[in-house]
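All chains should be built: construct the whole structure from the sequences, respecting the hints.
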Amino acid sequence: MLTPYTFLSSQKMYICRAKHTMENIRNIAIIAHVDHGKTTLVDKILHHCQLFRDNETKGELILDNNDLERERGITILSKNVSVQYKDTKINIIDTPGHADFGGEVERVLNMADGVLLLVDAFEGPMPQTRFVLQKAINLKLKPIVVVNKVDKENCTPEEVYEAVFDLMFELGAEEWQLDFPVLYGSAKNNWMSDDWKNQTDSISPLLDAVVAHIPAPKVTEGTTQMLITSLDYSSFTGRIAIGRLHRGVLKSTDTISLVKRDSSVIKSKIKELLVFDGLGRKKVDAVKAGDLCAVVGLENFEIGDTIADVETPEGLPAIAIDEPTMSMLFTINDSPFFGKEGKFVTSRHIKDRLERELERNLAMRLEPTDAADKFMVFGRGVLHLSVLIETMRREGYELQIGQPQVIIKEIDGKKCEPVEELTIDLPEEVSGKAVEMVTMRKGEMTAMEPKGGRMLCSFKVPSRGIIGLRNQLLTATAGEAIMNHRFVDFEPYKGEIPGRINGSLISMEKGTAIPYSLDKLQDRGKFFIHPNDEIYTGQVIGENSRADDLVVNVTKTKKLSNVRASGSDDKVKLAPPISFSLEEALEYIQKDEYVEVTPNSLRLRKIYLDENERKRREKKVG
Numbered sequence: 024m025l026t027p028y029t030f031l032s033s034q035k036m037y038i039c040r041a042k043h044t045m046e047n048i049r050n051i052a053i054i055a056h057v058d059h060g061k062t063t064l065v066d067k068i069l070h071h072c073q074l075f076r077d078n079e080t081k082g083e084l085i086l087d088n089n090d091l092e093r094e095r096g097i098t099i100l101s102k103n104v105s106v107q108y109k110d111t112k113i114n115i116i117d118t119p120g121h122a123d124f125g126g127e128v129e130r131v132l133n134m135a136d137g138v139l140l141l142v143d144a145f146e147g148p149m150p151q152t153r154f155v156l157q158k159a160i161n162l163k164l165k166p167i168v169v170v171n172k173v174d175k176e177n178c179t180p181e182e183v184y185e186a187v188f189d190l191m192f193e194l195g196a197e198e199w200q201l202d203f204p205v206l207y208g209s210a211k212n213n214w215m216s217d218d219w220k221n222q223t224d225s226i227s228p229l230l231d232a233v234v235a236h237i238p239a240p241k242v243t244e245g246t247t248q249m250l251i252t253s254l255d256y257s258s259f260t261g262r263i264a265i266g267r268l269h270r271g272v273l274k275s276t277d278t279i280s281l282v283k284r285d286s287s288v289i290k291s292k293i294k295e296l297l298v299f300d301g302l303g304r305k306k307v308d309a310v311k312a313g314d315l316c317a318v319v320g321l322e323n324f325e326i327g328d329t330i331a332d333v334e335t336p337e338g339l340p341a342i343a344i345d346e347p348t349m350s351m352l353f354t355i356n357d358s359p360f361f362g363k364e365g366k367f368v369t370s371r372h373i374k375d376r377l378e379r380e381l382e383r384n385l386a387m388r389l390e391p392t393d394a395a396d397k398f399m400v401f402g403r404g405v406l407h408l409s410v411l412i413e414t415m416r417r418e419g420y421e422l423q424i425g426q427p428q429v430i431i432k433e434i435d436g437k438k439c440e441p442v443e444e445l446t447i448d449l450p451e452e453v454s455g456k457a458v459e460m461v462t463m464r465k466g467e468m469t470a471m472e473p474k475g476g477r478m479l480c481s482f483k484v485p486s487r488g489i490i491g492l493r494n495q496l497l498t499a500t501a502g503e504a505i506m507n508h509r510f511v512d513f514e515p516y517k518g519e520i521p522g523r524i525n526g527s528l529i530s531m532e533k534g535t536a537i538p539y540s541l542d543k544l545q546d547r548g549k550f551f552i553h554p555n556d557e558i559y560t561g562q563v564i565g566e567n568s569r570a571d572d573l574v575v576n577v578t579k580t581k582k583l584s585n586v587r588a589s590g591s592d593d594k595v596k597l598a599p600p601i602s603f604s605l606e607e608a609l610e611y612i613q614k615d616e617y618v619e620v621t622p623n624s625l626r627l628r629k630i631y632l633d634e635n636e637r638k639r640r641e642k643k644v645g
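Residue 645 is where the sequence shown ends in our numbering, and the numbering goes up by one at each step.
Keep in mind the hints are simulated off the structure, nothing from the lab. The reader is advised that the hints may include incorrect statements.
Said to hold, decoys possible - Pairs of lysine to aspartate or glutamate residues, derived as EDC-like cross-links and limited to a Cα-Cα distance of at most 20 Å, are as follows:
(1) K294 with D314
(2) K517 with E467
(3) K465 with D542
(4) K432 with D572
(5) K109 with D224
(6) K305 with E334
(7) K483 with E193
(8) K579 with E532
(9) K581 with D546
(10) K582 with D615
(11) K274 with E337
(12) K292 with D224
(13) K483 with E440
(14) K582 with D542
(15) K163 with D202
(16) K533 with D572
(17) K465 with E519
(18) K311 with D332
(19) K294 with E322
(20) K112 with E413
(21) K638 with D572
(22) K175 with D218
(23) K366 with E413
Here you go:
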């Protein structure tokens with residue numbers, strides 16, 4: 024039995040009376056498709072292991088602790104927690120489910136010895152299930168399959184189990200990986216069991232399975248080795264390196280060697296050692312191999328570096344990350360409204376912030392352009408980069424973003440582009456529309472299967488074809504379609520894809536949008552602005568009903584005279600304006616447009632605000 028940790032206020036140090044042997048540590052990562060219940064399961068584990076007092080209410084999704092994660096209902100950054108179950112310490116890593124954050128998943132799996140694969144009992148394995156499982160199998164991790172949400176109507180737990188087995192076999196799992204334990208249950212209702220018909224009263228069967236089946240960390244003899252897989256930042260201590268100690272012992276007073284990716288070696292000194300304890304961290308004197316820890320005090324380290332012995336430094340293989348598939352142009356905000364809302368508006372501010380992001384966001388790349396105030400940012404998809412943009416605007420940055428472009432590569436002398444696997448889950452009666460839309464965008468159907476009144480369609484489609492598809496699909500299916508996609512490979516270029524058919528309505532003058540003018544122009548298209556909004560020349564204020572761009576004046580007021588009184592006409596009836604989220608705006612814009620992003624506003628605009636300038640440019644191109 025472990026004795027409790029004592030706190031000595033004089034030295035402000037935790038002293039551990041009991042040492043963890045390797046046998047009683049388990050490192051697990053929880054992986055699954057988006058929205059299959061990863062973070063909810065972690066909540067229940069935390070409650071089960073009595074991490075909180077009875078009178079403490081923590082709410083739901085405890086680990087999704089930043090505002091963006093809570094609003095969107097998705098995990099973006101992986102989190103580490105540790106719980107004590109019986110006499111075993113279990114380190115749990117909660118991972119994101121979206122393939123756009125694949126860089127994040129890949130890194131953290133390096134810290135685990137096994138994975139809990141969560142699968143929805145109705146939906147079964149989905150594209151991202153495949154994506155994260157492939158990573159886990161390649162890293163030789165032991166899986167435990169958890170069929171979640173067995174309380175759903177029309178669910179088929181046994182069939183889902185078969186589907187997971189087939190998927191593992193297909194992904195090249197070894198025999199010992201295919202011999203996986205399976206548990207059924209409902210994380211939301213707080214129970215797990217080895218038989219889905221036999222409901223238990225807690226999730227302890229799952230924790231027992233973790234202790235029984237997940238191997239204890241393998242410890243090889245030799246000098247100290249630890250791969251830095253994550254970063255954290257504290258305003259008091261600076262950057263903190265997080266990883267798993269593969270070999271040896273780390274002490275809080277050690278001088279160590281830092282082996283960089285290019286095999287160069289830097290000497291550094293540890294100031295503090297922390298291990299994960301519940302939701303927080305605890306200061307310790309030493310860490311043994313196999314445990315996860317955080318190291319404070321190191322300088323100039325990056326993710327992928329190795330902490331090694333001071334005399335005989337040996338580096339570990341650096342983490343290989345999937346290549347980016349999409350790029351966007353980031354530039355300073357030079358619209359007439361710049362600096363009204365944001366604190367950070369200069370190119371230096373933006374450049375520093377993007378370089379800071381590079382340190383922790385491994386799947387991102389940054390390249391300078393010909394202009395000093397423009398930066399090319401490469402990422403894994405629109406969602407991956409829009410999360411970065413959304414974070415920046417909340418921090419008080421103002422910037423403009425160009426149209427997302429997919430990365431075109433030349434492979435064996437052929438022009439190649441990224442291709443993705445797309446699955447659409449939608450009602451049977453509207454499936455024809457979806458097939459037609461995807462086919463127009465050079466998609467090829469690979470499978471179509473009915474699932475309880477709904478249809479599950481799978482396609483192979485170029486990444487270019489997915490940009491802007493979600494909006495159109497939701498409109499065509501009255502919001503019923505659920506779309507998921509994941510990157511597969513680079514394939515030969517599929518040819519031109521028709522873009523947005525309708526042109527833009529562009530503001531002629533700077534001023535206030537007058538309801539009277541908006542009403543008179545309603546037959547010209549749909550608007551993106553509310554009455555009395557402030558607008559400027561060259562701002563895209565709506566969508567034209569025809570294919571070409573149209574410059575309109577919505578700042579004109581009604582001319583009053585003796586004959587035309589102000590109140591004699593009918594009341595103005597305006598259709599509600601279209602409001603875009605950040606991803607929708609990025610997917611909507613054309614090549615000659617920017618999205619202006621400020622802390623409180625999103626605006627669409629032409630790159631060249633002056634109409635005559637735009638015409639001159641067109642002539643040059645033409």
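Tell me if the straight-line CA distance from K305 to E334 falls inside 20 Å.
28 Å, violated
K465 paired with D542 [C-alpha distance capped at 20 Å]:
39 Å, violated
Hint consistency between K432 and D572 [alpha-carbon to alpha-carbon, up to 20 Å]
32 Å, violated
Sort out whether D224 lies within 20 Å of K292, counting only the CA atoms.
49 Å, violated
Agreement of K366 and E413 with the hint, judged by alpha carbon distance not exceeding 20 Å:
With a Cα-Cα distance of about 15 Å, the restraint between K366 and E413 holds, given a limit of 20 Å.
Between K163 and D202, does the CA-CA distance stay at or below 20 Å?
13 Å, holds
Taking only the CA atoms, is the gap from K294 to D314 under or equal to 20 Å?
18 Å, holds
Holds or violated: are the alpha carbons of K465 and E519 at most 20 Å from each other?
9 Å, holds
K638 paired with D572 [C-alpha distance capped at 20 Å]:
11 Å, holds
Against the 20 Å threshold, does the CA-CA distance of K112 and E413 hold or violate the hint?
The hint is violated at about 37 Å.
Measure nothing beyond the straight line between the CA atoms of K581 and D546; if it is 20 Å or shorter, mark the hint as holding.
Distance of about 18 Å is within 20 Å: holds.
Given pair status - E532, K579, alpha carbons within 20 Å:
9 Å, holds
Comparing the model with each numbered hint stated earlier shows that hints 3, 4, 6, 10, 12 and 20 do not hold.
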